[in-house]
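Asker: The lines below spell out each chain.
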Amino acid sequence: MDKYLEMIRIRFLMMLAYRTNYYTGILIYSINIGAYYFLWSAIYGSKEQIVGLSVTQMTTYVAVSWMARAFYFNNLDREMALEIMEGKVAIELIRPYNYLGMKTMQGLGEGIFRLFFFSMPGMLIVYFVFPIEFTWDLSVWGLFALSILLSFFINTELNLLTGITTFFLYNNSGLIRAKRVVIDLFSGLLLPISFFPGWAQDVMKFLPFQGISYFPSMIVTKGFSHTQALEAIFQQFVWVIILFFPIQILWSLAKKQLIIQGG
Amino acid sequence: MENVIEVTNLRKDFKSYSSRTGLKGAFRDLLTRNYKVVPAVNDINFLVKKGEMVGYIGENGAGKSTTIKMLTGILTPSSGQITVNGMNPHKERERFVQTIGVVFGQRSQLWWDIAVQESFRLLKKVYKVSDEDYNSHMNHVIQTLDIEPLLDKPVRKLSLGQRMRCELAAALIHNPPLLFLDEPTIGLDVLVKLKIRDFLKEINEKYQTTILLTTHDLTDIEALCERVIMLDEGKVIYDGALKNLQEKWGEGKELQFQFLEKVGVSELLNLTQGIPVKWEQDEKEQIFTASLEDNDELISQVIAKVVAAFKIKDIKINETSTEEIIRNIYEKGAV
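Going down the list, the protein sequences come from chains A and B.
Quick note on numbering: the first sequence equals residues 0 to 262 in numbering that gives the first Met the number 0.
Quick note on numbering: the second sequence equals residues 0 to 334 in numbering that gives the first Met the number 0.
So here's chain B without its partners, still in its complex pose (with noise of 0.2 Å):
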């Protein structure tokens, strides 16, 4: 499969300016100001194949966005090379923005004061797309999306939800090969989250469309990507498959019990001596928790014996949660 995005030592620096302190230090910011070079991408390298649905994550301010907006041909990286869809889109600006689609979860791309389909019409002109193209592309994007009753009232008038819709169906007006999502889901409900996830889905099988994503809704990823990079500090902490990510961070379970009779933590070390388990109590609930490690075998002993001391009320397992282990590895820093 050929790569869409080829990124080799990419790095941007920002100077970033700190003011002196007191009235002397504000007079002389005025001639000279002391600046920092700061990295926000520093030396990352990946590839994406064609057709892949990649989650590109990371805390705030680890560099997700600059790295989009340098592949969207948005910045000049400081060094550096990019090739996405074969070109330089830095250099070939206007001929590479053709052929990809972009959403800012954080910024409108239609015109505030003019209805959704004048946009849309713009936009049409703009990417010079046929009538026909257009109408059987864009009434199956308009119709899964559910934004037809939406075209004809002004972007200002439209909820978020709405408004998110329509941003993506005129993100595809051209049906570009390769789409850049920059946190699309942010603020909204879980009904269109839902809808734009498997909206995503489908495109991207119907016509192969490769999909970046950053998203701070760990669930989005886990719903669409096989694949996230990870990026800390500018840097490519991890790369590769999610699963693997889950199975060699996802240690241990954890298994939760919820008592009818008031029962202490003190009761059930004594119970499960010799066993490697952890207890934590809940005081207001009453519920204890088993923190364990990834063993049918001692998940069992521990259920036994507990439920043959005590009278229970509710029981669960559970895995250790994607979002845990991200927590996890941002708090290190490192995978």
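Only chain A is shown next, with the shape it has when bound in the complex (with noise of 0.2 Å):
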């Protein structure tokens, strides 16, 4: 397990290394959730209720799916897929570790430290910036905390089975871009899952995509009554289960014809 940790804390280190990524980073989720916040402002109009939510529910919405979104989202897929052409894949194989789980260690470390130097301090300029409205109920961020950990792991998951494909597929650069689209638009990033319609909401509740953003999100807004958070959380917690699965399936399948690449 020290490993698993000292993972994380080169994580912090390799994050600190970059320090302009990190300022960039901070500019562009500001302006980004301006963006949104202009966006719906237009939608909203002189309505005040659009499916349920209010222009300030809507606001905090956006504002907190962005934040949380700095925490549960990585580059871990494409990390891998680098490794994998590159033949580095090579070096992670000859260390007493695991690999997907010291790959997902990092994501971690990485998601922490966004978290706490990226996230918090965003927040604050936010909250002064724009109309939101945060609970102070505690019990509904322990499940917020709950909700985006799970997060973390359904988004994980999905960034490691499209790492993996790398190892059948030597090049899956548009894999990973589709990938990367299709979470932030069927995981209510883009839009909250309540505004698609009907049919399509019926299709999501299949998929485990609204586990990434649209759950935690609701949680905090307060879209979600208390019952309908614990089973949002429930049906997050089967899904980080059910996509174990297959990752395992494939890893043992990828090094049985692993190939390293360039000598």
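For the record, the hints were derived by calculation from the structure and aren't laboratory data.
Misleading hints may appear alongside valid ones.
[Said to hold, decoys possible] Taking lysine to aspartate or glutamate pairs in the DMTMM-like style, the calculated list, with each CA pair at most 20 Å apart, reads: (1) K2(A) to E93(B); (2) K254(A) to E91(B); (3) K312(B) to E260(B); (4) K2(A) to D130(B); (5) K124(B) to D201(A); (6) K127(B) to E5(A); (7) K234(B) to D42(B).
[Claimed, not checked] Beta-carbon label-pair distances, calculated as ranges: (8) K152(B) to L190(A): 44 to 50 Å; (9) V189(B) to L252(A): 43 to 49 Å; (10) T19(A) to E323(B): 20 to 26 Å; (11) Q105(B) to L190(A): 46 to 52 Å; (12) E78(A) to S15(B): 26 to 32 Å.
C-beta atoms are modelled at their ideal positions from N, C-alpha and C, and glycine is treated no differently.
Taking the hints as your guide, dock the two standalone chains into a single complex.
Answerer: If you want it as structure tokens, here you go:
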């Protein structure tokens, strides 16, 4: 376990090694939230509510979902693809640890770093600039914390799955890009799932994506009741377990037919 | 002595895809692709005993790296058996890699963006090395390789030689009984090479570390290894002492003469009539080379005759170098 914690620390150091990335990150996220705020204000116009959300709830939803994204989002799929294409995966395999576990830890290190040094200060700025309402109910925040942790695992599992396909496809940058768009759209980051047409919402229920962004954001904006929140968290948990299996199967297949590229 | 590495009938096949010609071919390739199964390693057998330093040599693409990758548990063999340190590398990878150290000369195992000591610290945790073991062992390694001043620098700012020394130290953090080195001296200057060689000799003596080394620099092999395993097109073509190779293939010696005056080849030929000798001339420098078999009597005769007849500026007696021996073997493809 020690080694996995050490990996989180190393990832912190790596994030700190590139300061410019860090500052521009905050800027990009703030701009995104601003843009969505103005877009939604225009859509709402003089309407009080759309699909049960007020304009303030909507702004809060946007702000929270972007800040949560800073935590669950990572580029593990691209990193894996690069490591596999350049043959660096050989180095990973001569170490006495579980490659996928270590990758997850790297993602977690990155996520925690961004949560504390990126989401929290960013949230403070956004809070003073835009009309956002936070609940001060600690139990809601507790559920939210649990929920984004599960979002992180669902998203990371999808990333690992996409990353492993590099072993079979050798170049999967198209797939990686497609996966990112699908997640941004279907997870409720760009548009709350309740805004989708009815049939699409039914389809979404059978997909893991809404567990990534929609559930935690709805919990914290109080769009969900307490029981709904618990149900949502249970659903996320089930997805974390379901996604674990295809990863293990693909990984053991991948190791068998592994080719180290470039000598 | 116990065997550290046992390899029997080891084989690795790769699929090699070939593209069809032309646009039509390219469209057909979308549906079905032509491929051939090419053996990269073809039924090889060898044993390595504890404490041995073995040079694993062969041309580019002979299958050296593929073998090393199978021995380290990265690749799965197509068929055959491997037992290293009493374990099956691929099956028990996580437990197995704890007992080996690996340096790939062309790949870094340190983290690019962070200081060397942070990489060391992570590896120390990864290999579960205790503080005492780390301090007693690594302080020595760090001193011998002279990397103390590099420890707080990020890897991306190190020169190749500095980085290689750090890589070697990183591979030894858990003091493994078996060390795989895949071209560890590639692109290094003479001083760094010497330092690395001395260091390898030292740990081999001190800890009885078994070392398997692949390299294209035969001076490395000469300096370190008593035994070589030579590979060609996936097959072992020689496995034995380096000395035997030299004795068997080191046929003949070369005499090099440089004269003060102008001399023609025909005059030299006349001079050494009756002696089995071959003359070659280097036009530019007036250097003449006589190749003849390794016989003291003959050599003295030739030198005596030539020295008596012409004024000499320089004279050299050369043995066939290992490099030439190996080149001969590569060209013929057999021992």
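Asker: Against the earlier hints, flag every one the structure doesn't satisfy and list their numbers going up.
Answerer: 5 and 10
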